[in-house]
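**Student:** Residues per chain, in single letters:
4 protein chains.
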Amino acid sequence: MALSRFEYVKQFEQEEKLLPNSWIVVRIDGKGFHRFCNVHSFSKPNDLDALQLMNLAGMTVLQEFNEIAIGYGQSDEYSFVFRREASVYQRRRDKLVSYVASLFTSAYMFHWTRVFDGRSIAMRYPPSFDARAVLYPTDENLRDYLSWRQADVHVNNLYNTTFWNLVASGLSNSDAEKRLQGTLASDKNEILFSQFGINYNNEPIIYRKGTILLPKSVLSSEGKKQRLIVPIFEDLISDAFWAKHPEILDKKAKTDELYDLGENEAQPVVRYQLEVQERRKAGMSKSETGNSLLATDHS
Amino acid sequence: MALSRFEYVKQFEQEEKLLPNSWIVVRIDGKGFHRFCNVHSFSKPNDLDALQLMNLAGMTVLQEFNEIAIGYGQSDEYSFVFRREASVYQRRRDKLVSYVASLFTSAYMFHWTRVFDGRSIAMRYPPSFDARAVLYPTDENLRDYLSWRQADVHVNNLYNTTFWNLVASGLSNSDAEKRLQGTLASDKNEILFSQFGINYNNEPIIYRKGTILLPKSVLSSEGKKQRLIVPIFEDLISDAFWAKHPEILDKKAKTDELYDLGENEAQPVVRYQLEVQERRKAGMSKSETGNSLLATDHS
Amino acid sequence: MALSRFEYVKQFEQEEKLLPNSWIVVRIDGKGFHRFCNVHSFSKPNDLDALQLMNLAGMTVLQEFNEIAIGYGQSDEYSFVFRREASVYQRRRDKLVSYVASLFTSAYMFHWTRVFDGRSIAMRYPPSFDARAVLYPTDENLRDYLSWRQADVHVNNLYNTTFWNLVASGLSNSDAEKRLQGTLASDKNEILFSQFGINYNNEPIIYRKGTILLPKSVLSSEGKKQRLIVPIFEDLISDAFWAKHPEILDKKAKTDELYDLGENEAQPVVRYQLEVQERRKAGMSKSETGNSLLATDHS
Amino acid sequence: MALSRFEYVKQFEQEEKLLPNSWIVVRIDGKGFHRFCNVHSFSKPNDLDALQLMNLAGMTVLQEFNEIAIGYGQSDEYSFVFRREASVYQRRRDKLVSYVASLFTSAYMFHWTRVFDGRSIAMRYPPSFDARAVLYPTDENLRDYLSWRQADVHVNNLYNTTFWNLVASGLSNSDAEKRLQGTLASDKNEILFSQFGINYNNEPIIYRKGTILLPKSVLSSEGKKQRLIVPIFEDLISDAFWAKHPEILDKKAKTDELYDLGENEAQPVVRYQLEVQERRKAGMSKSETGNSLLATDHS
Numbered sequence: 001m002a003l004s005r006f007e008y009v010k011q012f013e014q015e016e017k018l019l020p021n022s023w024i025v026v027r028i029d030g031k032g033f034h035r036f037c038n039v040h041s042f043s044k045p046n047d048l049d050a051l052q053l054m055n056l057a058g059m060t061v062l063q064e065f066n067e068i069a070i071g072y073g074q075s076d077e078y079s080f081v082f083r084r085e086a087s088v089y090q091r092r093r094d095k096l097v098s099y100v101a102s103l104f105t106s107a108y109m110f111h112w113t114r115v116f117d118g119r120s121i122a123m124r125y126p127p128s129f130d131a132r133a134v135l136y137p138t139d140e141n142l143r144d145y146l147s148w149r150q151a152d153v154h155v156n157n158l159y160n161t162t163f164w165n166l167v168a169s170g171l172s173n174s175d176a177e178k179r180l181q182g183t184l185a186s187d188k189n190e191i192l193f194s195q196f197g198i199n200y201n202n203e204p205i206i207y208r209k210g211t212i213l214l215p216k217s218v219l220s221s222e223g224k225k226q227r228l229i230v231p232i233f234e235d236l237i238s239d240a241f242w243a244k245h246p247e248i249l250d251k252k253a254k255t256d257e258l259y260d261l262g263e264n265e266a267q268p269v270v271r272y273q274l275e276v277q278e279r280r281k282a283g284m285s286k287s288e289t290g291n292s293l294l295a296t297d298h299s
Numbered sequence: 001m002a003l004s005r006f007e008y009v010k011q012f013e014q015e016e017k018l019l020p021n022s023w024i025v026v027r028i029d030g031k032g033f034h035r036f037c038n039v040h041s042f043s044k045p046n047d048l049d050a051l052q053l054m055n056l057a058g059m060t061v062l063q064e065f066n067e068i069a070i071g072y073g074q075s076d077e078y079s080f081v082f083r084r085e086a087s088v089y090q091r092r093r094d095k096l097v098s099y100v101a102s103l104f105t106s107a108y109m110f111h112w113t114r115v116f117d118g119r120s121i122a123m124r125y126p127p128s129f130d131a132r133a134v135l136y137p138t139d140e141n142l143r144d145y146l147s148w149r150q151a152d153v154h155v156n157n158l159y160n161t162t163f164w165n166l167v168a169s170g171l172s173n174s175d176a177e178k179r180l181q182g183t184l185a186s187d188k189n190e191i192l193f194s195q196f197g198i199n200y201n202n203e204p205i206i207y208r209k210g211t212i213l214l215p216k217s218v219l220s221s222e223g224k225k226q227r228l229i230v231p232i233f234e235d236l237i238s239d240a241f242w243a244k245h246p247e248i249l250d251k252k253a254k255t256d257e258l259y260d261l262g263e264n265e266a267q268p269v270v271r272y273q274l275e276v277q278e279r280r281k282a283g284m285s286k287s288e289t290g291n292s293l294l295a296t297d298h299s
Numbered sequence: 001m002a003l004s005r006f007e008y009v010k011q012f013e014q015e016e017k018l019l020p021n022s023w024i025v026v027r028i029d030g031k032g033f034h035r036f037c038n039v040h041s042f043s044k045p046n047d048l049d050a051l052q053l054m055n056l057a058g059m060t061v062l063q064e065f066n067e068i069a070i071g072y073g074q075s076d077e078y079s080f081v082f083r084r085e086a087s088v089y090q091r092r093r094d095k096l097v098s099y100v101a102s103l104f105t106s107a108y109m110f111h112w113t114r115v116f117d118g119r120s121i122a123m124r125y126p127p128s129f130d131a132r133a134v135l136y137p138t139d140e141n142l143r144d145y146l147s148w149r150q151a152d153v154h155v156n157n158l159y160n161t162t163f164w165n166l167v168a169s170g171l172s173n174s175d176a177e178k179r180l181q182g183t184l185a186s187d188k189n190e191i192l193f194s195q196f197g198i199n200y201n202n203e204p205i206i207y208r209k210g211t212i213l214l215p216k217s218v219l220s221s222e223g224k225k226q227r228l229i230v231p232i233f234e235d236l237i238s239d240a241f242w243a244k245h246p247e248i249l250d251k252k253a254k255t256d257e258l259y260d261l262g263e264n265e266a267q268p269v270v271r272y273q274l275e276v277q278e279r280r281k282a283g284m285s286k287s288e289t290g291n292s293l294l295a296t297d298h299s
Numbered sequence: 001m002a003l004s005r006f007e008y009v010k011q012f013e014q015e016e017k018l019l020p021n022s023w024i025v026v027r028i029d030g031k032g033f034h035r036f037c038n039v040h041s042f043s044k045p046n047d048l049d050a051l052q053l054m055n056l057a058g059m060t061v062l063q064e065f066n067e068i069a070i071g072y073g074q075s076d077e078y079s080f081v082f083r084r085e086a087s088v089y090q091r092r093r094d095k096l097v098s099y100v101a102s103l104f105t106s107a108y109m110f111h112w113t114r115v116f117d118g119r120s121i122a123m124r125y126p127p128s129f130d131a132r133a134v135l136y137p138t139d140e141n142l143r144d145y146l147s148w149r150q151a152d153v154h155v156n157n158l159y160n161t162t163f164w165n166l167v168a169s170g171l172s173n174s175d176a177e178k179r180l181q182g183t184l185a186s187d188k189n190e191i192l193f194s195q196f197g198i199n200y201n202n203e204p205i206i207y208r209k210g211t212i213l214l215p216k217s218v219l220s221s222e223g224k225k226q227r228l229i230v231p232i233f234e235d236l237i238s239d240a241f242w243a244k245h246p247e248i249l250d251k252k253a254k255t256d257e258l259y260d261l262g263e264n265e266a267q268p269v270v271r272y273q274l275e276v277q278e279r280r281k282a283g284m285s286k287s288e289t290g291n292s293l294l295a296t297d298h299s
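Residue numbers (the UniProt record's numbering), protein chains in the order written: chain A, 1 to 299; chain B, 1 to 299; chain C, 1 to 299; chain D, 1 to 299.
Hints may be right or wrong, so weigh each one.
[What the hints assert, rightly or not] Facing chain D, from chain A, some residues (calculated, C-beta under 7 Å):
#	residue
1	Leu-19
2	Asn-21
3	Ser-22
4	Leu-135
5	Pro-137
6	Asn-141
[Claimed, not checked] In silico lysine-lysine, BS3-like type, Cα no more than 30 Å apart, as pairs:
#	chain 1	residue 1	chain 2	residue 2
7	C	Lys-252	A	Lys-10
8	C	Lys-17	A	Lys-95
9	B	Lys-225	B	Lys-244
10	D	Lys-251	D	Lys-224
11	C	Lys-178	C	Lys-44
12	D	Lys-251	D	Lys-209
13	B	Lys-44	A	Lys-95
14	D	Lys-244	C	Lys-10
15	A	Lys-17	D	Lys-10
16	D	Lys-17	B	Lys-17
17	C	Lys-17	C	Lys-95
18	C	Lys-10	B	Lys-17
19	D	Lys-10	B	Lys-17
20	A	Lys-244	B	Lys-10
21	A	Lys-224	A	Lys-244
22	A	Lys-10	A	Lys-95
23	A	Lys-10	B	Lys-244
24	B	Lys-10	A	Lys-188
25	C	Lys-17	B	Lys-17
26	B	Lys-17	B	Lys-252
27	C	Lys-10	D	Lys-95
28	B	Lys-252	D	Lys-10
Note that these hints are calculated values from the structure, not bench results.
Ideal Cβ positions, reconstructed from N, Cα and C, are used throughout, including at glycine.
Bound-form chain A, shown alone (with noise of 0.2 Å):
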């Protein structure tokens, strides 16, 4: 069969490569998230086990991309940033936009037993993303990057608390929603304080700022070093975060320091690398033990 004959036809293949130097920003979208947290009974305005779901997925992309300086998820949306200098598929659009979120999907998908297990929520129908891929020619552009997404959960949480507190309190979405018309940040704390004895500041971080993901050395417990994507919840728009991590902007900054997990350490994303980990050490072999997200290659 003339395969030959037909061949020229990938001449079609128009391979964009992005432009080299750039921090190349993956940004991860849920598509009908709306339909899909309703269907599955996820908790308003937020639900703390579909966050972490999406962590995990998120964790899932940061340990299959070496490339990766820092992942920002928050709501149904994860960014993956690479760095300047990732060399990724030669810096190939589509195939780093695609599998990206071909990754995600399927992580988020083969956590999602671990995380829902508890409350027997089945998968009813499977969930999917689009992504995008976006350059950022400075070190200041990528911060302003990812303080507006940071400034974005918190517009949206403040209102989204306040108004599921309106509706929780008897009155009716759309009365809530007129409740909250032109309402300022401020106006929204005095409601929840005054009319519901909720101190905004006192939510939870991971709600009000999202979670960064970095790969961190960390102590095992045995006292050896070793490499974890670290959840963190800090306000990034601040400096004193970019002074307190520099390795994500300078791949050359010590990255081998100890990083002290604290509280951090029930986190379900340190939780299941950890698990995953014994699991290896207490010898069964790789193929026993279906951890494989550890270990997938990338041909």
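Fit chains B, C and D to the known structure of chain A by using the hints.
**Tutor:** Below, chains B, C and D without anything else, positioned relative to chain A:
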């Protein structure tokens, strides 16, 4: 929080829109599927269940996009051909490529249990796929693209069938490789016939030609006309195929004509769709059936 | 000097190649030609010499690229249609767009004196043009593109002819503008006819339809067949035009058929080419004639 | 005439906009200049007048775009560096690339007579140039780009100077080529010195380093501050250059500081600009001076 101060970063998004009035092919490719097949003990050279799982995932993509004229799958790849006039996502490249990859991936995982339950093959780690979009300006180019993929499966499958029969007969992999070096198609046909009594042309057509997916109107058991995604196993290189299915190239060609499923009624892709309809007709609420793949909105 | 230390910057060049097998239209547009026309006292609404100068520049571009199927000029714009299969500069966008703009510009300046000498219009400042490349996947799209430009010259020229006749009759510019506000084509025809005795359809066709440039085989005075860039003034919206010049859409259509120049032999574009040939035949060395436009290599 | 029926073809225009906040380099290259130089008998290895003509054309481009931070010319190429924040034509690639090519070409032709009159070199055929746009995300990348071009002129000029001296001394072209095969820079310096008594470092700097064009504030003869495009001949690879001209990388750096032209006042680029101003001051109307290059609007 000054969302607006950071919003300028949105300008950096450059949304490429695919040229109007051209065929868009989105092709999915398995990532690292050599290893994935080994880990999950797929049969060689072809695993029928694994191919049917690919078909079920392909079916999901065709159900989601009514602007797909034809789907074509072989090995660990699947091509989806969007019509010239398709306006999906305003033809934005990133969105189209990433969403198809994500949707295919989640459908592949969703249908896994259904397909592999009989064989008790548990998913050991999540699969993933990348995708690319390619434009074809003319009908001839599009036909040549599909012919290229079908010629490719022929070449590969003839080789693989001979190779694995040689290996099964006792040759080492490298000896089998050497045996086949420099052989023509006719040589391989001869080896298969003389050494293993295999007439290659009698091998299952799904292995030799791959799977074509088309939306067709078929008659239900109650005699009602309905639209189904139908798997078809034919030579698409010949003109006859295009004369028989004129609606692929010309969406105005009579598509309400009834298509006779014939023996393909037994194909998993058909059985699955009929089953879902049965359950619906049985008055079971959608929320009880979990068959939501058919009802996924895309927002 | 370490050239190599800096050479990595070449990687930043991203050479977009235009989709194969699609028509490429490169359209030239005059920059600030409103002012340029005023400064050089071009007649209104049409200056025949200025249009002929555009045609001479267009001719130069067709002489340079034998992959141009048709050129079309009107007002201060010119469209050049490269064949589907054109391989010029490997279809690199930047190179094609910039070189056509540059070549058109230099030819426009080069022919200035020839055209305007009689009227002693000195070039007061150099003109410039920008260019864009647009892809059309089908013959129908290409025809519609050219029809769009020819419909545009009709609409503009009818308006301008009426407007400047009104102004010539004593109206101020703004009064003429008001007079024409909301008028239909038929109204303008009526004004021209009843007020100025002008039958618009008798206006020079070059003003009403623009100029089409085609490479044609014509008979020289000595009866020898030769290829010339021929200016043609016809309605290209009708099917008749395309039936009459089949080689535009199909390069295999008989193009050695002799074309009868008719009265267009008097067109400057034709006269110039014949003159150059005369001088060549007269044995004058190329270096004495200065007619090197015909001999420009493109390396 | 139904303009609207055809207007849909506008959708096929895909206007790529260059990534914001990145340096844009538009580089012009002479088309077929090897032949162009021969036909017009330019001196070898360098023709000072021809280089000055390039500089006058470069000056015109800098006068047109106040968002150009630096121009750099050598041989038959010229680079124009648009500032990171440049918003010219909304950073549309086609428009920028084609217009710069066109403007450079027309200025080159416009100044031809001024430059070559003394030598009575008539333009035998019009020159043309192509252009490309390249993005550089960081200041360091931009400096490396310019260093690359300046290192290139050094390498080429040292070779050419030695080559043409060998030829002038009686070697055939191919013997001179052989003589230089495999030689290092030091070897060429040695040949020049020992064989021709030439100290390469004493060769005119414009040949060795190319021409840098910068907008500077200079003092007029009447002591008034004015902006001029100033030709500068310096090593731009060294840090010293960037410290001396901080306004290139940082447009907020004091640019009202007076720049001392020194001996560069005699450069044709400077003389031309001063002359134009003289004529203006002398009360001659613009329309009489023909110096309209300084006044070109871009609409």
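**Student:** Next step is simple, just say for each hint if it's right about the structure.
**Tutor:** Outcome of the hint check:
Interface hint status for A/Leu-19: upheld, as the beta-carbon distance to the closest one in chain D is roughly 6 Å, under 7 Å. This hint holds: A/Asn-21 has a C-beta 5 Å from the nearest C-beta of chain D, less than the 7 Å allowed. Because the closest C-beta pair between A/Ser-22 and chain D is about 5 Å apart, less than 7 Å, the hint holds. Hint status for A/Leu-135 relative to chain D: holds, with the closest Cβ pair at about 6 Å, below 7 Å.
The interface hint given for A/Pro-137 holds, since its Cβ lies 4 Å from the closest Cβ of chain D, which is under the 7 Å cut-off. With a least beta-carbon distance of about 6 Å to chain D, the hint placing A/Asn-141 at the interface is held under the 7 Å criterion. For the hint linking C/Lys-252 to A/Lys-10, the alpha-carbon distance of about 25 Å falls within 30 Å, and the restraint holds. Proximity of C/Lys-17 to A/Lys-95 is assessed by CA-CA distance (about 19 Å); at most 30 Å being required, the pair is judged to hold.
At roughly 20 Å between alpha-carbon atoms, B/Lys-225 and B/Lys-244 fall within 30 Å of each other, so this suggested pair holds. Restraint check for D/Lys-251 and D/Lys-224: the C-alpha separation of about 22 Å stays at or below 30 Å, so the hint holds. For a cut-off of 30 Å, the pair hint linking C/Lys-178 to C/Lys-44 stands: about 19 Å separates their Cα positions. Our distance criterion of 30 Å between C-alpha atoms is met by D/Lys-251 and D/Lys-209, whose separation comes to about 24 Å.
At most 30 Å may separate the alpha-carbon atoms for a hinted pair to count; B/Lys-44 and A/Lys-95 meet this at roughly 28 Å. Proximity of D/Lys-244 to C/Lys-10 is assessed by CA-CA distance (about 27 Å); at most 30 Å being required, the pair is judged to hold. Pair hint A/Lys-17 plus D/Lys-10 holds up; C-alpha atoms about 27 Å apart against a cutoff of 30 Å. Of the pairs offered as hints, the one joining D/Lys-17 and B/Lys-17 holds, with about 13 Å between alpha carbons and a cut-off of 30 Å not exceeded.
Pair hint C/Lys-17 plus C/Lys-95 holds up; C-alpha atoms about 10 Å apart against a cutoff of 30 Å. At most 30 Å may separate the alpha-carbon atoms for a hinted pair to count; C/Lys-10 and B/Lys-17 meet this at roughly 27 Å. Straight-line distance between C-alpha atoms of D/Lys-10 and B/Lys-17 comes to about 14 Å, which keeps the hinted pair within the 30 Å bound. Distance restraint check for A/Lys-244 and B/Lys-10: the Cα-Cα separation of roughly 27 Å lies within the 30 Å cut-off, and the hinted pair is therefore satisfied.
Restraint check for A/Lys-224 and A/Lys-244: the C-alpha separation of about 23 Å stays at or below 30 Å, so the hint holds. Note on A/Lys-10 and A/Lys-95: the hinted pairing holds, with a Cα-Cα distance of about 16 Å set against a maximum of 30 Å. The suggested pairing of A/Lys-10 with B/Lys-244 holds, with an alpha-carbon distance near 27 Å, which does not exceed 30 Å. Of the supplied pair hints, the one linking B/Lys-10 and A/Lys-188 holds, its CA atoms being roughly 27 Å apart against a limit of 30 Å.
Restraint check: the Cα-Cα separation between C/Lys-17 and B/Lys-17 comes to about 16 Å, which is no more than 30 Å; the hinted pair holds. A C-alpha spacing of about 25 Å is found between B/Lys-17 and B/Lys-252, which places the hinted pair at or below 30 Å, so the restraint holds. The hinted pair formed by C/Lys-10 and D/Lys-95 meets the criterion: a straight-line CA distance of about 22 Å does not exceed 30 Å. Our distance criterion of 30 Å between C-alpha atoms is met by B/Lys-252 and D/Lys-10, whose separation comes to about 25 Å.
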